[in-house]
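Keeping their order, the protein sequence lines are chains A and B. When you line the first sequence up against the working numbering, it's residues 1 to 147, in that order. When you line the second sequence up against the working numbering, it's residues 1 to 73, in that order.
Misleading hints may appear alongside valid ones.
Claimed, not checked - Computed far set for chain A versus chain B, every beta-carbon distance over 12 Å:
1) Tyr42
2) Pro60
3) Val70
4) Leu99
5) Gly102
6) Met115
7) Leu116
8) Val118
9) Gly120
10) Ala130
Stated by the list, open to error - Using C-beta positions, here's what the derived DEER-type ranges look like:
11) B:Gln54 x A:Ala104: 37 to 45 Å
12) A:Leu67 x B:Arg50: 27 to 35 Å
13) B:Asp24 x A:Asp58: 34 to 42 Å
14) B:Ile56 x A:Gln92: 50 to 58 Å
Simulated from the structure, these hints should not be mistaken for lab results. Bear in mind the structure is a predicted one, so any value in this text is a computation, not a measurement. Even for Gly, the Cβ is constructed at its ideal location relative to N, Cα and C.
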Amino acid sequence: MRAAAGHGRVMTSNLDTAVPSRGDRARAFAYFRDLAPAMAAYVVAIVAVVMWGHLDGDSPWRFAWALLPVLPVLGVVRAVVRGLRRSDEYAQLVQLRGLAVGFAVAMIAYVVLGMLMVAGLSTPAAPWMAFGAGMVAWAAATAVAAR
Amino acid sequence: MKNRIRQLRTDRGWTQAALADLLDVSRQTVNALETGRYDPSLPLAFRLARIFGQPIEAIFDPEDDHHAVPPAR
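One chain only, chain A, in its complex shape (with noise of 0.2 Å):
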């Protein structure tokens, strides 16, 4: 359907529709075709180690059920790099943005609880804290560079 003109700018509603290209569907199958196995096995490991992990025994096997729901991790980060590869430029550039001020931010996260650590502070859940720190400044930072 063309354009009708007005005002010396095009009216082009329906040309300029958000709706995705097939494209943009095709990379959105293929990143969750990659994600979901991983995070479905995540969620699998989580349950398991909960169940016959027994984290707060004394079984040397702790360490290693501690350490199953790294492995679908893995997966996930498998995940993320092949849909950056998939990406556009513009699209890895927005990405890689939002991953370098992610990481700034969970590397400050780690310095400043550990040096609290140092300090006296005991807290077990520092690492999940500058972890979360990480996953928060990526997301926020990804969308404010698509902007």
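Knowing the structure of chain A, use the given hints to seat chain B on it.
Same frame as chain A, but now just chain B:
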């Protein structure tokens, strides 16, 4: 850098998604190009030129580009 991508696209009755598929980029990338938030790489600029059947300098206007090299005297 200013460009005429949106005008050239709408003149042909194409949606952003249709142009994105022709360029093999995302619709968001087409939007970023049209609004001047992103200047394309040279290969992408050549793809745009080929699709629109126009030379690159007819699509992009380096007038505002502070990095432009001044003409030789």
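Hints, verified against the model:
Non-interface call for tyrosine 42 (chain A) relative to chain B: holds, since the shortest CB-CB distance, roughly 27 Å, exceeds 12 Å. Separation of proline 60 (chain A) from chain B is adequate, the least Cβ-Cβ distance of about 49 Å exceeding the 12 Å criterion. Taking the minimum C-beta to C-beta distance to chain B, about 32 Å, the non-interface status of valine 70 (chain A) holds against the 12 Å cut. The Cβ of leucine 99 (chain A) sits about 17 Å from the closest Cβ of chain B, beyond the 12 Å cut-off, so the non-interface label holds.
Consistency note on glycine 102 (chain A): stated as away from chain B, and its beta-carbon is indeed over 12 Å from all of that chain's, at 20 Å minimum. No beta-carbon of chain B is positioned within 12 Å of the beta-carbon of methionine 115 (chain A); the least distance is around 39 Å. Separation of leucine 116 (chain A) from chain B is adequate, the least Cβ-Cβ distance of about 40 Å exceeding the 12 Å criterion. Even its closest Cβ contact with chain B, about 44 Å, leaves valine 118 (chain A) beyond 12 Å, as expected for a residue assigned away from the interface.
With 12 Å as the threshold on Cβ separation, the claim that glycine 120 (chain A) sits away from chain B holds: the shortest Cβ distance comes to roughly 48 Å. At roughly 30 Å from the closest C-beta of chain B, the C-beta of alanine 130 (chain A) stays outside 12 Å, upholding its exclusion from the interface. Judged by the Cβ atoms, the range 37 to 45 Å given for glutamine 54 (chain B) and alanine 104 (chain A) holds: they are separated by roughly 41 Å. As the Cβ distance of leucine 67 (chain A) to arginine 50 (chain B) is approximately 52 Å, the hint placing it in 27 to 35 Å is violated.
Restraint check, aspartate 24 (chain B) to aspartate 58 (chain A): a C-beta distance of roughly 57 Å breaks the suggested window 34 to 42 Å. Range check, isoleucine 56 (chain B) to glutamine 92 (chain A): about 22 Å between beta-carbon atoms, so the 50 to 58 Å window is missed.
The structure fails hints 12, 13 and 14 (numbered hints given earlier, in ascending order).
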